Amino acid sequence: MKINDSLPLEYRTEENSNKIFGFWLFLGAEIALFSTLFAVYFTLWNRTGSGPTGKELFELNGVIWETFLLLTSSFTCGLGIHAMRLGLKKPMMIFFVITLLMGLGFLGIEITEFVNYVHEGATLQTSAFLSSLFVLLGTHGLHVTMGILWGAGILIQVGRQGFTDETANKSFIFSLYWHFLDVVWIFIFSFVYMKGLM
Amino acid sequence: MKWDEFFVTGEPMIYAAMVSIVVVSLAILIGLTYFKKWGYLWREWLTTVDHKRIGVMYILSALIMLFRGGVDALLMRTQLAAPEMKFLDAQHYNEIFTTHGVIMILFMAMPFVIGLMNVVVPLQIGARDVAFPRLNAVSFWMFFFGAMLFNISFVIGGSPDAGWTAYFPLASLEFSPTVGNNFYSLALQISGIGTLMTGVNFIVTILKMRAPGMKLMRMPMFTWSVLITNVIILFAFPVLTVALALMMFDRIFGSQFFTMANGGMDMLWANLFWVWGHPEVYIVILPAFGIFSDIISTFSKKNLYGYKSMVASMVVISLLSFIVWAHHFYTMGAGVMVNGFFSITTMAIAVPTGVKIFNWLFTLQKGKISFTTPMLYAMAFIPIFTIGGVTGVMLAMASADYQYHNTMFLVAHFHYVLIPGTVFGVLAGMYFWFPKIFGFRLNEKLGKTAFWLIVVGFNTAFLPLFFLGLSGMTRRMYTYSADTGFGPLNMVATIGAFILAIGFVVLCYNFYWSFRYSPRDENGDPWDARTLEWSTPSPVPVYNFAKVPNVKSMDALWEAKVNGVPLYEEGPYEPIHMPNNSGQPFILGVIMFFLGFFLVFSWFIPAIIAGIAVVVMLALRSFERDHGYHISPEEIAATEQKLRGDSV
Amino acid sequence: MARLFPIRHVIGYIFSLILSVVGLGVVFWDLNPTAGLWILIVCALIQASLQLVLFMHIGETDNKKSLYFNIAYALFVGLVTIFGTLFTMLWGW
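So the protein lines, in turn, are chains X, R and F. Start counting the first sequence at 1; every next residue gets the next number (my numbering). Start counting the second sequence at 1001; every next residue gets the next number (my numbering). Start counting the third sequence at 2001; every next residue gets the next number (my numbering).
Don't read these hints as lab results, they were simulated from the structure. Any given hint could be a false lead.
[Said to hold, decoys possible] Within a straight-line C-alpha distance of at most 20 angstroms, the following computed SDA-like cross-link-like pairs (lysine to any residue) qualify:
#1 R:K1302 / R:M1217
#2 F:K2064 / X:P8
#3 R:K1208 / X:I173
#4 X:K55 / F:L2024
#5 R:K1208 / F:L2024
#6 X:K195 / F:L2017
#7 F:K2064 / X:F23
[What the hints assert, rightly or not] Computed, partial: chain X to chain F, Cβ under 10 angstroms:
#8 P8
#9 L27
#10 A39
#11 V40
#12 N46
#13 P52
#14 F75
#15 C77
#16 F114
#17 F163
#18 L176
#19 D182
Owing to the predicted nature of the structure, the values given are computational and were not obtained by experimental measurement. A virtual CB, placed ideally from N, CA and C, is assigned to each residue, including glycine.
Using the sequences and the hints given, assemble the complete structure.
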């Protein structure tokens, strides 16, 4: 088994290097996926039927908190990987716990937002605009949810086994996923909420 | 839900199908039990992660689906043989052309192509397996259970009936209130996920696992075509994922994406579908081009002419394939700039394809040609596919397309590119690489007989359709009246379809005959071929290469044979690391089948439970610590000795 | 303690916050819609690139050419899908 000691632990075996590369490719596919959801949103965002517009619905406060939480969680995730590269297990785990908790906070706000919309009579079924809003935000939110479950699983594995090339590899791949979700959020923040409230 | 909404009732042919499904399933179960083969089936096939076995399963599935899609075709052609035939009513006809299209493209062409990719590519690049063998198995079982979900629809719930393109508003809940199109949405979604994973797998495999010395520009052309195809897969399939999900939301959860009220935009479906759909047809054709390149070069005993331009043309095709899609709906109401733009890009994509045709012709020129069965398919492909291609350029012109769109002219065009292109390609590939996997060749005489029946049958079936289309016969029409004058050419076409069918029967008989009587090959290189896969013994041992080859040029095996350039270093064998088999991919496939099935019928509680089961499977995989096993040098030596005899 | 907070990540974080605030500002300052949209586009692209490079370490390994190509192709398909759809279905050309 070829091991390249000059690389960080998560890349050292050829298999692990390939897994990281493969995951980047998957993120390319996810870019295409979210682009399609944006294409649908931009096509349908004006088509509100008898339902409310984005301007009438969006609440800046929640959006600001969601953005801050997700961005900061991406930051702490990166700090966690950095700690991992320094071989520091406890700091890495703490940073990851903070990351996941902030992710949960993000989800909490988003779920509250959805519930509020439904109570105001704006549901998935009300108009094309609302359908595309819920599906775009919901897909991102579902990705965040899966990420939290996945991250928790990895945290347990790091706790039990420490840093092996396997756990390091999984943690790094998770961090790519988590960062990616914040990158997608940048575009949701800008082109759904900010543009909608302009 | 009433029984007759669940089971399809009232159709004698469907009752017959139900009975035969039950009988065949029972026969399989009883046979497996009687011959005590359950263990074998589980250990060797259902849990395999070996790319060669997975490839064989893909191809076997494709052949079975070819049978079903072919029967659909014969049923349609029978109904259209004469004016006002009463063989199939309109509803039944609609279901049949829908399932014919979905099955042939998604459950026949795709798995056949992906199956050949699986069998051949690791061997061509000197690798021992793909980059992610477990993921590869998951890909197969997702495809398989997606196909199973689709296939069950004609006896349970009802087939989809809105065409393989499932346009809205026809495919909406309002106009298709039965669950048929739910099967479409969910089955294709499940299979599509498998295909996306294949995309990731093969790009990493080809970029990272080539044997030392095999630079990208030394790879066989089939591998190049597979690399480019998988890049298209990676970026096109997510669009389908979204489109099918939105269809599911509209039909099952009442959203307003493609409705005709509350702001919905029904034509948006057609747009999204074709953003995926056009790259999809290049996904099925590019590997066929690669197969033909390898076959033409092998059986002309020449290097492929214009290697670099072959690669460049495929890269250009892959990029252009993403910017031509609106040519599928020129008549949907877009304006001049839109239709004009897409006309130009569509005509442009003919250019790199033309480059390839000339390169094949120049490869043939002054070559030492052997007319084997695979070579016959390749040589038939060149002129016949060209007919399809030039009619494509005719269709590309938007204003002219107002005359041709959705007539039989279009049907003839795409069959003239898909059959001489993809189908001949995969059949040629199957004949070519069959001996590598099974250790004996398919019989040449039967192969050539089948070939001629297929070529004659195909042209007889589809050439008349060009003229019928120009005369005004539209597609997807279950009948026509006598005074249209369409009768005679339709009869000719039907006769052609049956000749084609006989050709496929002969092809199937070839399998049986060859299993029983073909001489077993001795050295793994029955065609005197040029590339690395032929340097392994046949059948190929599980580890593929006992020693990793050292590649010094293109067509490395040919160089080794002709110029004595050694492929392998001297020295002892080293232990080989292999992945373990696993039942998880199969089980995940079964769960996805049920998840899809429950969603089709809107049984949400069972669906949620199945969804949780999927998450559990993912967690199991994450926590799993399985590092495979090693094959010792002694074992390798013994296997090589057994397979190669004393030439080792 | 300081070594737990590498400078690249801190810079990436701070700039991302600033860019997000600028995006927020578009809502509060009364700009004409086109200008506002362009500011949003530029800020989003810069922030995304920052995060790709500084957080995700895209340029870190020998694979970087393939990774850049991957992102470029993905963006090509994404932009074609978005603008192609708008061009074909919405903008009335």
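Hints the structure fails to honour: The structure conflicts with hints 5, 13, 16, 17, although it agrees with all the remaining ones.
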